Amino acid sequence: MRRLGLRMRALSSRDVPLRGRCACGGVTLDVTRHVVPSHAPAYCHCNTCRAVHSAAFALETGFRAADVVVSGATASYRSSRHYERKRCATCGAGVGGVHHKLGAVFVPTSLFALPGSTPPPPLAPTMHLFYGRRIVGDAFDGDGLPKYDGFPPKL
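Quick note: the sequence shown uses the numbering used here, first residue 1, plus one each step.
Rather than coming from a laboratory, the hints here were simulated on the basis of the structure.
Don't take each hint at face value.
[Claimed, not checked] 20 Å max Cα-Cα, derived SDA-like pairs, lysine to any residue:
hint, residue 1, residue 2
1, K101, A89
2, K101, A66
3, K154, P41
4, K147, L59
5, K101, H82
6, K147, A56
7, K147, A40
8, K101, A40
9, K154, A40
10, K101, E84
11, K154, V36
12, K101, G150
13, K147, M127
14, K154, G137
15, K101, G137
16, K147, G137
17, K101, T48
18, K154, G103
19, K147, R134
20, K147, P41
21, K154, R64
22, K147, Y131
23, K154, H39
24, K147, H39
25, K147, P125
26, K154, H99
27, K101, S80
28, K101, Y83
29, K101, V69
30, K154, S38
31, K154, P125
32, K101, P153
33, K154, Y131
34, K101, H39
35, K147, Y83
36, K147, A124
37, K154, L102
Note that the structure is a prediction, hence the values are computed from the model and not measured.
Based on the sequences and whatever the hints tell you, model everything.
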């Protein structure tokens, strides 16, 4: 395993409170300490997230980089000055990205949910980002979550 901005080492499932996997299982993501996200889970409707995820929106959660361990072969590229996106080198599934300036790892919450299930409670969506750029019409208008045209204001 080689270091790609995240700590890379093998862990057993009993060592971690939260474990996610890519589509083929070749890459494993473990949140080792604080399961409470450092950046709230959010639906993102921005152009970059839609393109990277090949979907109408992304649902991602941020964790402190020090609390995330990635095992398995990944490929990465910089999508901006501070953001490095990662994919499984085998199946190509997105396994998140590192925001180097924030010291945070943003992970698609679907990696932590079994097929047909919802993500664990700490990963439930809390807001919509770049809502004005959505391409799914008013599908989310009644979900009760706050909607922002960009990032939320600092609290």
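For which of the previously enumerated hints does the structure constitute a violation, in increasing order of number? Violated hints (numbers, rising): 1, 14, 15, 35; every other hint is consistent with the structure.
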